[in-house]
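Chain by chain, the residues run as shown.
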Amino acid sequence: MILDPVHVAGAGMIRFGKHPAETTLETMGAQAATAAMRDAGVRAADVEALYVGHVFGGPVAGQRIGARIGLAGKPVSNHENYCSSGATALREAWIAVGAGLYDLVLVVGVEKMTDRVKGGVQPDPNDLDASIGFLFAAGHALSARRYMADYGATREQIAAVAVKNHAHSVANPYAQYQKPVSLGEVLGARPIAEPLGLLDCSPISDGAAAVVVASRAGLRRLGIRSAPRVAACALVSGTVQAGLGDVNEEDISRRAGAEAYRIAGVAADEIDVVEMHDCFTIAEIVRLEGLGVLPRGEGARLTEAGYTSLGGALPVNPSGGLLSRGHPVGATGAAQVCELFWQLTGRAGGRQVEGATTGLAYCKGGSVSGTDGASVTTVILTT
Amino acid sequence: MSMSDNSFRPDVFRAEPPTLLGSHCGSCGRKAFPPREVCPSCGEPSLGDPVELSRQGRIYSYTVVRQAPPGLSTPYVLGYVDLPDDGVRVMSRIESVRDGDVRIGAPVALDAREDPGQPEPKRMFVFRTGGEPA
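Sequence order for the protein chains is A and B.
Residues 1 to 383, numbered by full-length UniProt numbering, are exactly what the first sequence covers, in order.
Residues 1 to 134, numbered by full-length UniProt numbering, are exactly what the second sequence covers, in order.
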């Protein structure tokens, strides 16, 4: 079926970071939700449904948030796809509004991690990889070492992703760090999973982000004349990797990109700005290659050359990305869409990509032993 | 499958002698690890019984893990090991016999090691450098 046009009518988030224990998941989710509703000019009474993405929030976190912000009694659903939970919640909202079920809904991504996650995130304990000591940092280290061997990329080129994204975050008031780091600092940081060090890894963070999703009728109800359109919200899962192929083939990213381009009717070379799931430096490089926006094996060199920096040919992560905005896992997908909304409405301040009319957000969550990942959500926003 | 050899995951590994278990497709003949009910290559159902995989492999990539959640003592080496005889790639702990012998392309051989992460001692699979079965 063809979905009716679906728009983002407003966005709001709280600054990501390490928040004190008394700043609960419910508090953060309610703050981001309230900010997004105020931005869109929608009252709680007019929000028809709430979609919440989270991983560690426990049962019915969405209803706990909804009860605080006047949405008790409405349809509330909770969505878990590990680090792409927030993006998956958005996808469900996009489908429901596009199908004509609702005109105005709220999407919240939220996570409280710093009081419950230590030393890095792992797959479910029942997954074989987790039982032998696999961590996401280790998986990306395996990717990085092989990428360097296969393409002649240097450690410095991979580290350039962190330098770039931290430089971008200086102009993002919602980012956890907001301060530049030097190449020397990235290379000299404490090793986590060699060759990756601490500054190659996104932090363990708390935070929340929210968007109001609207049909055309919903926009009219709010008196909004134009708003960015969700031209696609694609979802794929990983496939079992048979045989001895290239671990950096990124077929899952290729499929996630192709599905979003198909739905949106947009070509890869029409993308003006990317919010990329840079949970680790190397991940930004290989995923951009998988999406087809950078040539295979060239991503590290192009990053070092400034191609993906603000002012470059294809700015990637003007927000600072996960590396510098922070990575409260269930909130990340929603935060990426907040950033694209601000970029496409010219509200991104010192990190504005001039003239951006088409943006892509890529959010990846989880892993399953022997596959190339668990879930990837790709969102295309257009003006 | 017998639990008597103390394998940490009897569905994928026999500790005595150390043996990885894969699935085998009756249609296209390819193997998979960990075992799958459906062949990842052609989509046909796998044959019922698991097959023993080769004990000889080569390191495809590796990392030294220096930080991990509580319960995992660091450092340790984790890697992808290719089993060319089976066309299968296995994620595994790797243990070094001599300094510097963990590298891309290095031959490794399957063995069993104590799994310290379990409340009762269990045995998990490991590949050791040197290339010959221990």
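Mixed in with the good hints there might be a few duds.
Short derived list, chain A residues pointing at chain B, Cβ under 8 Å [unchecked claim]: (1) Ala189; (2) Ile192; (3) Leu244.
For the record, the hints were derived by calculation from the structure and aren't laboratory data.
Using N, Cα and C, we set each Cβ at its ideal position, and we do this for glycine too.
| Per the CB criterion, is A/Leu244 less than 8 Å away from chain B? | holds, 5 Å
Hold the hint about A/Ala189 up to the distance rule: shortest CB distance to chain B must be less than 8 Å. With a closest approach of 11 Å, the A/Ala189 hint is violated.
- Item | Supplied contact hint for A/Ile192, tested at 8 Å Cβ to chain B | holds, 5 Å
Checked against the numbered hints listed earlier, the structure breaks hint 1 alone; every other hint is satisfied.
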